[in-house]
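Same order as they appear, the protein sequences are chains A and B. For the first sequence, the working numbering begins at 6 and goes up steadily by one. For the second sequence, the working numbering begins at 34 and goes up steadily by one.
I should point out that these hints are in silico values taken from the structure, not numbers from a laboratory. All C-beta atoms in this analysis are idealised placements derived from N, C-alpha and C, irrespective of residue type, glycine included. Hints are supplied without guarantee of correctness; some may be wrong.
Short, incomplete list of chain B residues facing chain A, as computed with Cβ under 8 Å [unchecked claim]:
{"hint": "1", "residue": "Ile100"}
{"hint": "2", "residue": "Ile189"}
{"hint": "3", "residue": "Ile192"}
{"hint": "4", "residue": "Ala234"}
{"hint": "5", "residue": "Leu331"}
{"hint": "6", "residue": "Val335"}
Derived pair list, reagent style DSS-like, types lysine-lysine, alpha-carbon separation capped at 30 Å [said to hold, decoys possible]:
{"hint": "7", "chain 1": "B", "residue 1": "Lys84", "chain 2": "A", "residue 2": "Lys111"}
{"hint": "8", "chain 1": "B", "residue 1": "Lys308", "chain 2": "A", "residue 2": "Lys160"}
{"hint": "9", "chain 1": "B", "residue 1": "Lys235", "chain 2": "A", "residue 2": "Lys67"}
{"hint": "10", "chain 1": "B", "residue 1": "Lys308", "chain 2": "B", "residue 2": "Lys201"}
{"hint": "11", "chain 1": "A", "residue 1": "Lys160", "chain 2": "A", "residue 2": "Lys111"}
{"hint": "12", "chain 1": "A", "residue 1": "Lys67", "chain 2": "B", "residue 2": "Lys294"}
{"hint": "13", "chain 1": "A", "residue 1": "Lys170", "chain 2": "A", "residue 2": "Lys160"}
{"hint": "14", "chain 1": "B", "residue 1": "Lys308", "chain 2": "B", "residue 2": "Lys294"}
{"hint": "15", "chain 1": "B", "residue 1": "Lys84", "chain 2": "A", "residue 2": "Lys160"}
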Amino acid sequence: MKKKNKLGKFFTLPVIISLSVLIVIILAVLFAAFLATHDPLALSMSESLQGPSSAHLLGTDKTGRDIFSRLLFGGRTTLLGALGVVIISVIIGIPLGLFSGYFGGKVDMVTMRISDMIVAFPSLLLAFVFVSSFGRGLMNAVVAVGIIYVPMLAKLTRSLVLVEKNKTYVEASRAIGYSHFQIIFFQILPNCISTILVQLTLDIGYAILDLAAMSFLGLGIQPPTPDWGAMLEEGRIYLSTNPLIALAPGITIIITVVAINIFSDGVQSYLDPSHRKLPSVKKIRRLVGVAHE
Amino acid sequence: MEYVKIHTIKPTATLSVGFFAFSRKISDAMSICRCIIKVIGGMYMVNFLFKRLGQFIIVLLVASVIIFILVRLSQVDPVSVILGGKQSSTETVANLRAKFGLDRPVIEQYFTWITGMLRGDFGFGYKYQQPVSELIAARIPITFGLVFIGSLTALILAIPMGVISALKQNSPIDTTLSMLALILGAAPSFLISIIMIMIVAKVAPSFPVTGNYSSFGEYLQRLSLPSLALTFSMLALASRVTRSGMIEQIQAPYVQTAKAKGVPLSRIITRHALKNAVIPLIAVISLQIGNMIVGAVLVENVFSLAGLGSLLVAGIKSSDYPIVQGITMLLVFIFLVISTLADIIYAVIDPRIRQSI
Chain A
6 MKKKNKLGKF FTLPVIISLS VLIVIILAVL FAAFLATHDP LALSMSESLQ
56 GPSSAHLLGT DKTGRDIFSR LLFGGRTTLL GALGVVIISV IIGIPLGLFS
106 GYFGGKVDMV TMRISDMIVA FPSLLLAFVF VSSFGRGLMN AVVAVGIIYV
156 PMLAKLTRSL VLVEKNKTYV EASRAIGYSH FQIIFFQILP NCISTILVQL
206 TLDIGYAILD LAAMSFLGLG IQPPTPDWGA MLEEGRIYLS TNPLIALAPG
256 ITIIITVVAI NIFSDGVQSY LDPSHRKLPS VKKIRRLVGV AHE
Chain B
34 MEYVKIHTIK PTATLSVGFF AFSRKISDAM SICRCIIKVI GGMYMVNFLF
84 KRLGQFIIVL LVASVIIFIL VRLSQVDPVS VILGGKQSST ETVANLRAKF
134 GLDRPVIEQY FTWITGMLRG DFGFGYKYQQ PVSELIAARI PITFGLVFIG
184 SLTALILAIP MGVISALKQN SPIDTTLSML ALILGAAPSF LISIIMIMIV
234 AKVAPSFPVT GNYSSFGEYL QRLSLPSLAL TFSMLALASR VTRSGMIEQI
284 QAPYVQTAKA KGVPLSRIIT RHALKNAVIP LIAVISLQIG NMIVGAVLVE
334 NVFSLAGLGS LLVAGIKSSD YPIVQGITML LVFIFLVIST LADIIYAVID
384 PRIRQSI
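Just need the whole structure built from these sequences, with the hints factored in.
This is the structure we're talking about:
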């Protein structure tokens with residue numbers, strides 16, 4: 006793992022703001038059970054379509070469910086779903102990329118052909134067909150979208166491994182007697198992991214958008230489970246009268262994805278030293294002074 | 034080196050001629066094409082074209098097999114979908130099976146489907162009881178119009194945005210444009226459409242947002258807002274790629290020479306740097322068109338447009354497999370055609386690509 010370089014600043018302003026926003030959202034969603042004022046599934050037709058009030062922080066939807074509580078619990082579904090997508094793509098994609106990059110030859114060709122087939126489908130279309138065969142629902146949608154993300158991750162891992170494979174430490178490890186498996190997972194992978202992690206954080210953002218799109222079309226989460234995409238779909242009809250039903254989940258999605266993008270941008274520029282400025286003279290003097298002692 | 038090159042190219046060229054020589058006419062046409070291509074791009078171009086087109090056909094076939102298998106793996110029995118859940122006698126069931134060709138072996142069903150598609154017959158919808166090709170043909174103008182207008186507008190907007198951001202790097206204009214592109218890219222296309230409907234309803238309530246169109250003018254009106262939503266989704270990545278491409282070009286030696294010569298900056302950009310800067314943009318856009326096709330599906334839902342997307346979603350929800358198969362195959366075909374064309378254009382512009390496939 007890359008050690009934190011004293012000359013580089015990780016917590017620049019964009020990173021601080023986006024990280025705090027993300028932490029707030031994640032904590033709010035984790036502690037949804039404590040923060041929510043009502044049960045997200047509790048129907049109450051007498052209170053339907055109300056605006057924001059002291060009882061219902063963001064109003065109610067057409068069946069009287071509290072929007073704020075649905076937002077918090079829906080965040081659980083959406084964020085856990087996005088996490089599931091990334092985990093599936095990691096479990097399948099990274100080993101595929103590692104093996105095809107390290108061993109080359111037939112394995113490489115087969116893996117690249119498979120990724121080409123998956124990429125031949127315009128993004129979510131394969132997920133649509135998958136869901137149409139195996140039924141709608143969160144699990145199937147997560148698996149389908151996870152499979153779609155595998156080629157990207159496999160290609161990235163493969164290109165990183167191709168660069169690392171020719172370095173001397175790999176040759177030295179082989180000479181000492183490490184097995185291929187040990188070299189791949191304990192020598193090469195730790196060096197590639199920082200770049201892969203940046204891509205994974207971006208992927209969580211894209212997964213949120215894709216899962217919201219599938220729930221919006223009714224192909225992912227099934228009602229009455231709350232989910233940001235499904236809430237958008239329900240609120241669409243009431244835009245002129247109660248815009249909050251659709252705007253609340255919508256703005257939350259935008260804020261989350263923008264924060265993720267800014268955060269991963271910050272991590273990327275931290276890991277890439279060419280963006281750093283030279284440290285001030287004072288700092289250099291201090292460091293050189295330390296070395297002299 | 035030269036010796037080896039000639040000996041690898043000549044056999045390939047000869048093989049390709051021999052392969053198509055089952056009719057003199059076709060082989061003559063092919064020789065003429067080969068001559069033209071050779072003039073344009075040299076022997077590498079001919080080989081590249083053959084390999085790329087071969088790749089296109091293979092991927093198309095494998096994709097069709099994948100779609101077919103995925104659809105056939107479903108648990109839902111097609112006959113129950115056709116019957117609409119009603120009980121009926123075994124005779125009717127058997128008749129329906131024979132009518133829809135469901136009692137034939139699977140491989141034969143696959144070949145019937147493929148050959149049917151080549152003739153333009155996409156099968157019969159289960160629920161709609163109409164030929165799928167009729168259903169599709171009526172809705173093609175909307176979906177293709179959305180994707181076409183959307184990507185065209187994205188190109189027209191992204192290039193100036195990227196160029197201005199690159200010229201005024203790290204200035205307030207650059208940061209604002211990048212922020213704007215970032216936020217627009219983070220918002221899902223259906224969300225932007227919802228917000229746009231809201232704004233338009235407040236600002237210009239008489240604007241026809243939903244409903245059918247009867248003339249070309251109304252067609253453009255109906256499609257303007259949805260294509261704008263699709264444009265925003267592509268704009269983020271496209272302007273970023275143009276910006277970095279432009280920055281790379283500005284730092285190239287030939288630009289410095291031109292500046293030293295005294296060429297005005299505007300002419301350097303429009304006449305020299307721009308052409309090189311948009312080359313990566315072609316590659317990015319050909320991939321993003323896939324996302325735009327899916328975005329069109331979502332946007333059609335919001336704007337209640339009768340396009341391929343809404344038909345596909347309805348087909349999925351009602352387990353109407355010929356529709357799902359047919360539309361997916363069509364969309365995959367269009368996407369593959371576009372990406373192959375983009376690859377070929379890329380190879381024409383940048384000769385280094387011709388050796389890499």
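Would you pick out the hints that fail for this structure and give their numbers low to high? 2, 3 and 12
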